[in-house]
Amino acid sequence: MTKFDRLLARLAEPGIVLRLAALVVCAMELVSAGSALLGARTEPYDGLAAWVWRQLGGDVNDRGLVVICVLLLVAFVALIFRLARQGQTTLPVNQRLAWLLLVDLLAFGVTPGLPFLVTALGAVVLPARLALGFATAQVLLNTGIYVYASTTAWLDQFGMLFAMLALHGLAFGLGRMAAAEGEKRRWLQAVLAEQMSGEHLLAEQMRYNERMQIARELHDLMGHHLTALNLQLQLGGALLAREDKPGASQALDRAQSVAAQLLADVREAVSQQRSSQRIDLSAALQALAEGIASTRIELQLDDAARDLGPRAAQ
Numbered sequence: 001m002t003k004f005d006r007l008l009a010r011l012a013e014p015g016i017v018l019r020l021a022a023l024v025v026c027a028m029e030l031v032s033a034g035s036a037l038l039g040a041r042t043e044p045y046d047g048l049a050a051w052v053w054r055q056l057g058g059d060v061n062d063r064g065l066v067v068i069c070v071l072l073l074v075a076f077v078a079l080i081f082r083l084a085r086q087g088q089t090t091l092p093v094n095q096r097l098a099w100l101l102l103v104d105l106l107a108f109g110v111t112p113g114l115p116f117l118v119t120a121l122g123a124v125v126l127p128a129r130l131a132l133g134f135a136t137a138q139v140l141l142n143t144g145i146y147v148y149a150s151t152t153a154w155l156d157q158f159g160m161l162f163a164m165l166a167l168h169g170l171a172f173g174l175g176r177m178a179a180a181e182g183e184k185r186r187w188l189q190a191v192l193a194e195q196m197s198g199e200h201l202l203a204e205q206m207r208y209n210e211r212m213q214i215a216r217e218l219h220d221l222m223g224h225h226l227t228a229l230n231l232q233l234q235l236g237g238a239l240l241a242r243e244d245k246p247g248a249s250q251a252l253d254r255a256q257s258v259a260a261q262l263l264a265d266v267r268e269a270v271s272q273q274r275s276s277q278r279i280d281l282s283a284a285l286q287a288l289a290e291g292i293a294s295t296r297i298e299l300q301l302d303d304a305a306r307d308l309g310p311r312a313a314q
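Note that the numbering used here has the sequence shown beginning at 1, numbered continuously upward.
Hint data in this document are derived by calculation from the structure and do not stem from the laboratory. Here a beta-carbon is modelled for each residue, glycine too, at the ideal position from N, C-alpha and C. Warning: the hint list may mix true and false statements.
[Stated by the list, open to error] Derived DEER-like restraints, expressed as beta-carbon distance ranges: (1) GLU183 / ASP5: 16 to 24 Å; (2) PHE81 / PHE4: 23 to 31 Å; (3) TRP187 / PRO44: 43 to 51 Å; (4) PRO44 / VAL74: 16 to 24 Å; (5) THR136 / GLU183: 50 to 58 Å; (6) PHE4 / MET28: 26 to 34 Å; (7) LEU226 / LEU192: 47 to 55 Å; (8) GLY144 / PHE4: 43 to 51 Å.
Whenever a hint applies, use it, and build me the whole structure from the sequences.
Pasting the structure below:
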């Protein structure tokens, strides 16, 4: 996998997607707010903050309202970042729901068109049933707000219900897809970590078994030869004590012969042990290639693959 592929995989993570979407929305709103502060005519904010501002006697085009909405938007994006980064693992469900309600309140404070991001976030960080209930409540609440503020005919209001249903349904569906993908990625990471741990353990076990088998064979070989070598050396020492130099010399020659035979037997045992542990991977790889029915695999093996040590074969 190239660096570009890893970057694309990283950008496809649910938390990254939601944070990027929040940043885009924040950038658009900041551009609009900056234009309003510079005196340009822009679409006024129509959220809860604007409604309270009007109730207090203010105008929706006042700069004070723009500043308040920008602050609410910044807080909204900051909380989106926090929840998207923490995901499903670090907070209990009730705390996640409480944070989502706070984020939703901030979104409604800016504009009723913003909470669809909260619906998508809820689909990612909440269990499926709770996320579905949250999305349904979002649809009903948004539709109620637009119907309450609208003076159009009932048919247009009915169309608004379907529009909200489509918008939040799309956000919910994309959020659940992202959540499922993230869960699958975490599961694969756990499986990979477990497999790597098992491979390390198996390698250590193979090394241990190899050493134990060599140690047993060397013990059997060396026990016999060392006993004979010790007897010859004791005999040579006794003959030297009697000043029987010819006999002592013969005993030392036999001891030297036993030592040479011992060295040769040890080398042969180690060589046989290593040669007996060579592994032919051709049959295993052929079975693996034939077992993958979705992809046609043409297998070509070098001779080196038919004569591998245990660790290399693993």
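Against the structure, the hints come out as follows:
no., hint, result
1, GLU183 / ASP5: 16 to 24 Å, "holds (21 Å)"
2, PHE81 / PHE4: 23 to 31 Å, "holds (25 Å)"
3, TRP187 / PRO44: 43 to 51 Å, "holds (47 Å)"
4, PRO44 / VAL74: 16 to 24 Å, "holds (19 Å)"
5, THR136 / GLU183: 50 to 58 Å, "violated (22 Å)"
6, PHE4 / MET28: 26 to 34 Å, "holds (28 Å)"
7, LEU226 / LEU192: 47 to 55 Å, "holds (49 Å)"
8, GLY144 / PHE4: 43 to 51 Å, "holds (46 Å)"
Hint 5 from the list above is the single one not met by this structure.
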